[in-house]
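Protein chains in written order, with the numbering used here: chain A, 2 to 206; chain B, 2 to 206; chain C, 2 to 206.
Keep in mind that a hint or two might mislead.
Copies of the same chain are indistinguishable here, so a pair counts whether it falls within one copy or spans any two.
Claimed, not checked - Simulated pairs of lysine to any residue, SDA-like, Cα-Cα distance not exceeding 25 Å:
#, residue 1, residue 2
1, K108, D41
2, K4, D162
3, K108, I97
4, K126, S106
5, K24, F75
6, K126, E58
7, K92, V202
8, K60, D165
9, K126, T37
10, K60, T76
11, K24, L109
12, K87, K108
13, K24, A182
14, K36, S3
For the record, the hints were derived by calculation from the structure and aren't laboratory data.
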Amino acid sequence: MSKPIVFLGNGGHASVLYDVVSKQGTDIVATVSEKTPQSDSLFSQFENYNDDGFRFEFKPNDVELVNGIGFMPFTDIRQRIYQKYKNLGYKFASVIDNSSTVSPSAKLGEGVQLLMGSIVQANAKLGDNSIVNTGVIVEHDCNIGNHCHLAPRSLLCGHVDIQDNVFIGAGSTIKNNLLIAESSVVGMGSKVLRNVAQSEVYFNN
Amino acid sequence: MSKPIVFLGNGGHASVLYDVVSKQGTDIVATVSEKTPQSDSLFSQFENYNDDGFRFEFKPNDVELVNGIGFMPFTDIRQRIYQKYKNLGYKFASVIDNSSTVSPSAKLGEGVQLLMGSIVQANAKLGDNSIVNTGVIVEHDCNIGNHCHLAPRSLLCGHVDIQDNVFIGAGSTIKNNLLIAESSVVGMGSKVLRNVAQSEVYFNN
Amino acid sequence: MSKPIVFLGNGGHASVLYDVVSKQGTDIVATVSEKTPQSDSLFSQFENYNDDGFRFEFKPNDVELVNGIGFMPFTDIRQRIYQKYKNLGYKFASVIDNSSTVSPSAKLGEGVQLLMGSIVQANAKLGDNSIVNTGVIVEHDCNIGNHCHLAPRSLLCGHVDIQDNVFIGAGSTIKNNLLIAESSVVGMGSKVLRNVAQSEVYFNN
């Protein structure tokens, strides 16, 4: 991350990303949000712009963006914001915490976020704009699409395929060799022993 | 931890704490227990005192204490011992393993214990004498009271409030934005999707 | 690991072990498998032998072996291969990732494998040829036999006894003080609150 960073969003997910990049000495120059951060926020130290102000001030070659918007089920703001700024020519920086472990043979897309204690094993692939949240394990040979959120402590056993835009709930475990199809949602704490269909909402007790 | 340390207790929980502080080069000068440690114990190398002997030998300004008594449901020894020595003017050292990750914006009370691989994210608060056990994740903006035990690998999603004296069982997952009220117990491996009431014993399969 | 290493097997489990030893600068000199690795495999850079060729080329004192065969329920190839080469006089190297945490008071057998983010606490014992997979927690005073596989993110609370040849499924949690008897299988994501009998297949939802 050689260029200065601009944060999109300033809520809870952004605050965790802030911890990652600030300890790596990254130069943060601004935030972009319709909401001005509160005075006790980690982001109150930075100038905040709305979208128009940001695009006037910073051109695509000047900065890289960090997508600080979280992705909860049945929302698509994170995806839309990523696509909008990509279309305008901006580039997204990946955010990879020092405490994460990533195999040299893993392949990471643009703007991925690997948070504290996460582990990505050999030959795994991770698409653009996807979140590997706190303590997540992605085992060997998994293939994860774009715009996914693996919520904290979810676990994908070996050779799991996850298509685009999937949400895997916190603490869930996905058996090896399964397919979790596009735009599906796996509820918090689920144990998944079969494939999940496109747009399916999977949940167990 | 600049002052010499005295361990209260010498059982299983104390042995894990011992690993944390011994690799940090802390000076341990004694243990306090009614039971003399067995010859093969990690603690047999230290002089063991009963309560009277300890208070005669070490004054509140000479040492800091480590609370090596665990906290299992429906017990209160750990809490009572903490309160007793606080009332006598002693101070409790926090024990934070080198492999844990704590946000700079997190706020930690007195005598907290953060064990191996635990993670405390941005803006989280942790009260006095609470245990964040092995591999626990406390997500951003959680607020945890005094005298709590988050057992190994429990997970609090974002913005969870845990009041005083709560036990969260091993491997449990608490959904974001919930309230777990005072003196409640969440059983091992629970998935918690609603608030838990004061003194409630919550359990699911 | 001072002697050169020969890998037995070249599949998914082997690829994770490869990541561990390659970043430690270990000298890998060959693989042994009836299947020649594919050209895009991490192992295609090494000469591959079949069993006869390997034994002709490398004598027991020349090398140490890494058992790259995984252990899934109702299989015994990993166990048989270990025993066969031990009987021929070969020695197995342990494989311990730099991101794992092992108590100084833990006792580890021959050829154990402790993968990324795994934690073995005070006074735990681990038998020969056992796998402590990604993100596993073995709490204080556990006793694990030979030829066991603790699959990713399984958790053994304190004082759990696991006999030989046991498979603990991914994401499972075993309550403290339990006995999991020889050759039993605990299914993925199980919460174990009672002892498991010899050869029992334990599973819950």
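For each hint, the structure was consulted:
Taking the shortest Cα distances, K108 and D41 sit within 25 Å of each other only across copies (14 Å), while inside one copy they are farther apart (38 Å). For the homomeric pair K4 and D162, neither the shortest alpha-carbon distance inside one copy (33 Å) nor that between copies (38 Å) is at most 25 Å. Proximity of K108 to I97 under the C-alpha cut-off of 25 Å is found in both arrangements, the shortest distances being 13 Å within a copy and 24 Å between copies. Taking identical chains as interchangeable, the C-alpha atoms of K126 and S106 lie at most 25 Å apart only when both belong to the same chain, with a minimum of 9 Å there against 32 Å between chains.
In this homomeric assembly, K24 and F75 never come within 25 Å of each other (Cα to Cα): the closest approach is 32 Å inside a single copy and 41 Å across copies. Within a single copy, K126 and E58 get their C-alpha atoms no closer than 35 Å, and across copies no closer than 37 Å, so neither meets the 25 Å cut-off. In this homomeric assembly, K92 and V202 never come within 25 Å of each other (Cα to Cα): the closest approach is 32 Å inside a single copy and 50 Å across copies. When the C-alpha separation of K60 and D165 is checked against a cutoff of 25 Å, the pair qualifies neither within a copy, at 29 Å, nor between copies, at 50 Å.
Within a single copy, K126 and T37 get their C-alpha atoms only as close as 36 Å, which misses the 25 Å cut-off; across copies the closest is 24 Å, which meets it. For the identical chains of this complex, K60 and T76 are neighbours neither inside a copy (28 Å) nor across copies (58 Å), given an alpha-carbon limit of 25 Å. With identical chains, the CA atoms of K24 and L109 are at most 25 Å apart both within one copy (21 Å) and between copies (19 Å). For a Cα distance limit of 25 Å, the shortest separation of K87 from K108 inside one copy, 20 Å, qualifies, whereas the shortest one across copies, 37 Å, does not.
Taking the shortest alpha-carbon separations for K24 and A182, neither the intra-copy value of 36 Å nor the inter-copy value of 34 Å comes in at or below 25 Å. In this assembly of identical chains, the alpha carbons of K36 and S3 never lie at most 25 Å apart, being 28 Å within a copy and 44 Å across copies at closest.
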